[in-house]
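Model the full structure from these sequences, guided by the hints.
In the order they appear, the protein sequences are chains A and B.
Everything in the first sequence is counted per this note's numbering, starting at 1 for the first residue and increasing by one.
Everything in the second sequence is counted per this note's numbering, starting at 115 for the first residue and increasing by one.
These are computed hints drawn from the structure, not numbers from a lab.
Built from N, CA and C at the ideal position, the CB exists for glycine as well.
Hints should not be assumed to be uniformly reliable.
[To be verified] Chain A residues, not near chain B, derived (Cβ > 12 Å throughout): (1) 22; (2) 66; (3) 75; (4) 80; (5) 85; (6) 103; (7) 106.
[To be verified] In silico BS3-like cross-links for lysine-lysine, where the CA-CA straight-line distance does not exceed 27 Å: (8) 53(A) to 9(A); (9) 171(B) to 18(A); (10) 117(B) to 101(A); (11) 22(A) to 40(A); (12) 117(B) to 40(A); (13) 22(A) to 38(A); (14) 117(B) to 185(B); (15) 101(A) to 22(A); (16) 169(B) to 185(B); (17) 117(B) to 41(A); (18) 101(A) to 41(A); (19) 117(B) to 38(A); (20) 131(B) to 36(A); (21) 177(B) to 101(A); (22) 169(B) to 101(A); (23) 177(B) to 22(A); (24) 117(B) to 177(B); (25) 40(A) to 131(B); (26) 185(B) to 101(A); (27) 36(A) to 22(A); (28) 40(A) to 169(B); (29) 101(A) to 173(B); (30) 101(A) to 171(B); (31) 131(B) to 101(A); (32) 171(B) to 117(B).
[Said to hold, decoys possible] Far from chain A, some chain B residues (derived; all Cβ distances over 12 Å): (33) 148; (34) 152; (35) 198.
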Amino acid sequence: DTEVTQTPKHLVMGMTNKKSLKCEQHMGHRAMYWYKQKAKKPPELMFVYSYEKLSINESVPSRFSPECPNSSLLNLHLHALQPEDSALYLCASSPSSGTEKAQYFGPGTRLTVL
Amino acid sequence: SQKIEQNSEALNIQEGKTATLTCNYTNYSPAYLQWYRQDPGRGPVFLLLIRENEKEKRKERLKVTFDTTLKQSLFHITASQPADSATYLCAPPADRGSTLGRLYFGRGTQLTVWP
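So, in structure tokens, the structure goes:
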């Protein structure tokens, strides 16, 4: 299995809702990432997990809460989001978080916050 | 702070021609640079990685060069096809010493290949 899967593909939520995004990979990769991408902009790194431990948090607001229950699974818990948080949320994985490692991206979750 | 610039937001070329995309960086010297392809509404797909001590890297119709003097990487697609139409992203590490996979994506160049 050489792909990263993300669910759901689309999500619409109100500002008071709590929802979660899920990402899964079965390539044995030990690093996993969350990115946010707005229209016509490049992906922006949010979080990096290395060996199931959070190693980078790019000053992301606390209304985004990542979780890595095991080496294959990555979640992003969402609470009290703002309309400006609407974006494509991408998950990626790589064999490790070391240098020169290609990142394998999932198809993304298109999030709309009303 | 470090800065990545891709030469243009859009590039339109005729099928069969060579597409050349440019990535310039300033204020630092990345040890390597990656190139990704992104189709609308999809995640980026890794294409090639080139290290600072490599002048050129090839993969099928793709060629990447890395000129540390000019602080520039060029990405070429030879014999371009309409299926090559996509946004191409340049991605060096966010800092030279990054060991945690922190990539800094350029804004991308949207390539359109017309028949």
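Comparing the hints with the structure gives:
No beta-carbon of chain B comes within 12 Å of the beta-carbon of residue 22(A); the shortest separation is about 15 Å. For residue 66(A), the condition that its CB be more than 12 Å from all CB atoms of chain B holds, with the nearest at approximately 15 Å. No beta-carbon of chain B comes within 12 Å of the beta-carbon of residue 75(A); the shortest separation is about 17 Å. Non-interface status of residue 80(A) relative to chain B is upheld: no Cβ of that chain comes within 12 Å, the nearest being about 26 Å off.
No beta-carbon of chain B comes within 12 Å of the beta-carbon of residue 85(A); the shortest separation is about 18 Å. Chain B draws residue 103(A) into its interface by the beta-carbon criterion, the shortest separation being 6 Å against a cut-off of 12 Å. Its beta-carbon lying about 5 Å from the closest one in chain B, residue 106(A) breaks the requirement of being farther than 12 Å from that chain. Restraint check: the Cα-Cα separation between residue 53(A) and residue 9(A) comes to about 26 Å, which is no more than 27 Å; the hinted pair holds.
Under the criterion of a C-alpha separation no larger than 27 Å, the hint pairing residue 171(B) with residue 18(A) is inconsistent with the structure, at around 46 Å. Restraint check for residue 117(B) and residue 101(A): the C-alpha separation of about 21 Å stays at or below 27 Å, so the hint holds. Distance restraint check for residue 22(A) and residue 40(A): the Cα-Cα separation of roughly 24 Å lies within the 27 Å cut-off, and the hinted pair is therefore satisfied. With a C-alpha separation of about 18 Å, the suggested pair residue 117(B) and residue 40(A) falls inside the 27 Å cut-off, and the hint holds.
At most 27 Å may separate the alpha-carbon atoms for a hinted pair to count; residue 22(A) and residue 38(A) meet this at roughly 19 Å. Using a Cα cut-off of 27 Å, the hinted pair residue 117(B) and residue 185(B) holds, with the two alpha carbons roughly 11 Å apart. About 23 Å separates the Cα atoms of residue 101(A) and residue 22(A), which keeps this hinted pair within 27 Å; it holds. Restraint check: the Cα-Cα separation between residue 169(B) and residue 185(B) comes to about 12 Å, which is no more than 27 Å; the hinted pair holds.
A hinted pair counts as satisfied when its Cα atoms are at most 27 Å apart, and residue 117(B) with residue 41(A) qualifies at roughly 15 Å. The suggested pairing of residue 101(A) with residue 41(A) holds, with an alpha-carbon distance near 23 Å, which does not exceed 27 Å. As the CA atoms of residue 117(B) and residue 38(A) are separated by approximately 19 Å, the hinted pair is consistent with the 27 Å bound. Distance restraint check for residue 131(B) and residue 36(A): the Cα-Cα separation of roughly 34 Å exceeds the 27 Å cut-off, and the hinted pair is therefore not satisfied.
With a CA separation close to 19 Å, the supplied pair residue 177(B) and residue 101(A) stays within the 27 Å bound. With a C-alpha separation of about 19 Å, the suggested pairing of residue 169(B) with residue 101(A) holds against the 27 Å cut-off. At roughly 35 Å between alpha-carbon atoms, residue 177(B) and residue 22(A) are farther apart than 27 Å, so this suggested pair is violated. Simply put, residue 117(B) and residue 177(B) have alpha-carbon atoms about 23 Å apart, close enough for the 27 Å limit, and the pair holds.
Restraint check: the Cα-Cα separation between residue 40(A) and residue 131(B) comes to about 26 Å, which is no more than 27 Å; the hinted pair holds. In summary, the hint linking residue 185(B) to residue 101(A) is supported, as the alpha carbons are separated by about 21 Å, within the 27 Å threshold. With a C-alpha separation of about 14 Å, the suggested pair residue 36(A) and residue 22(A) falls inside the 27 Å cut-off, and the hint holds. For the proposed pair residue 40(A) and residue 169(B), the alpha carbon gap of about 30 Å is over 27 Å, so the pair is violated.
Distance check on the hinted pair: residue 101(A) and residue 173(B) sit about 17 Å apart at the alpha-carbon level, within 27 Å; holds. Taking the CA atoms of residue 101(A) and residue 171(B), the gap is near 16 Å; set against the 27 Å cutoff, the hint holds. A threshold of 27 Å between alpha carbons decides the hint, and for residue 131(B) with residue 101(A) the separation of about 31 Å lies outside it, so the pair is violated. With a CA separation close to 23 Å, the supplied pair residue 171(B) and residue 117(B) stays within the 27 Å bound.
Consistency note on residue 148(B): stated as away from chain A, yet its beta-carbon is not over 12 Å from all of that chain's, at 7 Å minimum. Consistency note on residue 152(B): stated as away from chain A, yet its beta-carbon is not over 12 Å from all of that chain's, at 8 Å minimum. Against chain A, the non-interface label of residue 198(B) holds: every CB pair exceeds 12 Å, the least being about 19 Å.
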